[in-house]
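Asker: Start from the sequences and build out the full structure, keeping to the hints where you can.
Number of protein chains: 2
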Amino acid sequence: MSVLVVGSVALDTVKTPFGEVKEVLGGSATYFALSAHHYTQVSLVAVVGSDFPKKHLGLFRRKGIDTKGLKIKKGKTFRWKGYYEYDLNQAHTQKTELNVFRTFHPKIPKEYKRIEYIFLANIDPQLQLSVLRQVKRPKLVLCDTMNYWIEKKRKELLLTLKEVDILLLNDSEVRELTGEHSLFKASRRILKMGPETVIIKKGEHGALMWSENSHFAAPGYPLEDINDPTGAGDAFAGGFLGFLAYTNDLSEDNMRRAMVFGSVMASYNVEDFSIERLERLKNKEIIERYRAFKRMTHFEDLNGEVIE
Amino acid sequence: MSVLVVGSVALDTVKTPFGEVKEVLGGSATYFALSAHHYTQVSLVAVVGSDFPKKHLGLFRRKGIDTKGLKIKKGKTFRWKGYYEYDLNQAHTQKTELNVFRTFHPKIPKEYKRIEYIFLANIDPQLQLSVLRQVKRPKLVLCDTMNYWIEKKRKELLLTLKEVDILLLNDSEVRELTGEHSLFKASRRILKMGPETVIIKKGEHGALMWSENSHFAAPGYPLEDINDPTGAGDAFAGGFLGFLAYTNDLSEDNMRRAMVFGSVMASYNVEDFSIERLERLKNKEIIERYRAFKRMTHFEDLNGEVIE
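Respectively, the protein sequence lines represent chains A and B.
Note that the working numbering numbers the first sequence so that position 122 is 125, with each residue one more than the last.
Note that the working numbering numbers the second sequence so that position 206 is 209, with each residue one more than the last.
No copy is singled out in the list; a pair is fine if it fits within one copy or between any two copies.
Computed list of lysine to aspartate or glutamate pairs in EDC-like fashion (alpha-carbon distance at most 20 Å, straight line):
1. LYS188 <-> GLU274
2. LYS71 <-> ASP54
3. LYS142 <-> GLU114
4. LYS297 <-> ASP256
5. LYS297 <-> GLU255
6. LYS287 <-> GLU303
7. LYS188 <-> GLU227
8. LYS297 <-> GLU215
Calculated from the structure, these hints are not laboratory results.
All values reported here derive from a predicted model rather than from experimental measurement.
Answerer: And the structure:
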């Protein structure tokens, strides 16, 4: 099955302790698409300005990403400028220029309306809901958000969450949304808001998946070099949802595998700036790292050993 | 096989967001012993003052912990006063009264000199080395330390590390000891300092074990209620080394199991103040939580699936 993503395509200026880049390709829908296309067909709904470099459009097409839903509007493309210090889990925003993104009203092309796997990337929850009003009975809706919407549009966010299957947040957002410090209690609250599953991203510490009857912990992958954490969460979402759509199997076992594929994509993404690593990533490397995750987490069950 | 621990026995006054306790039983050797005794015979070397409550001595004995090496010296017992805020990974020390611990020179009783599994809890690295000079060819030496010794007695610590098999640190200590931010690079440095294995404790985010040819990640156990993180690292050490000594098997597979038993003990320890939870812990509960860890981390390997 294919996947639909609705989110931002941006030009990012990013500084980390390991280097800096200016006006490079970024945005939540971009990272998601360049991750998920390794697994399945991706259709992209977003907006860019008339200044958006042609080479980026060429990249999307070369990767087989359907850009019918990528609107090119008169004006400037959304720009984000930020930096990271040694705590790479924490992005510091210096400047956000919404530009054409300010009046973004996602319109889902007719050909996309029956796509069954949907990622609502981090945009205004009202726009997320408007996407769900335009599509036909999707099989799985994965939704991201951020502290800004939790604070400014809480009511709208709660309405959107009622129609979402899986909510994807980082640990501080989970705590802010629920007012619970314990991720255990916080997850239980989120499961009452609508989603049947919540995934908590913890950066270098991995990710957790909770549903009513199970929880799963995927560790972070220990990397020798992390250059730029931007987009890690969306690359995760791309591997997770891309694999689920590709296999079209929502069993617990398969969701757990999808968590690991998500972790694999996030771990590759942070090795280089912008989408560089995802762009040159080979499927063979994805499989290799999946197996490395397996080796890294495996331990034997007890075989009748009894401690005295 | 049995285990020997050399460290502190203290009276702690602790405040957390969930309660406070005054002059309760604490200290690194205490937590270790009350964890490890679930697996094997524990011999304790430490010092307390003449004010040390008899009931605590009774507890050690009731649990079968050998206190021949626990010296009762005229004067006051070591006291620690501290608090935690919502970030339970970070202890804030308000007062440390070394008292009789100031002149602690561990003397290993003759009967302990052939114990093969040794935990050098967090004490002055010179004292740790003096312990190793008194014992006979141990099979495994596990060593803890802290930022204070890394800063004040770096040279002595490096000498001790040459004779240690496994170093146990938290992530900030690893970074401080090596000057490397990446835990990957930091671990590689530590493996050049002497230990063949390093274990990095990450509090609620679990623990990592690195050796030259393998690394293993154990997740944190998601708890509904964490009341007091004091002693979690020593409870971990007790489960880890206790299980290794009990099984007397240092294979990679068994070390990984030991990591999970360590995580089990740490996760129980933080559920209550002081050693309360370890004291009433049943071996059946240990096995149950080991299995819960297994369920929580298990995912299927790839069975020939190929992503296109």
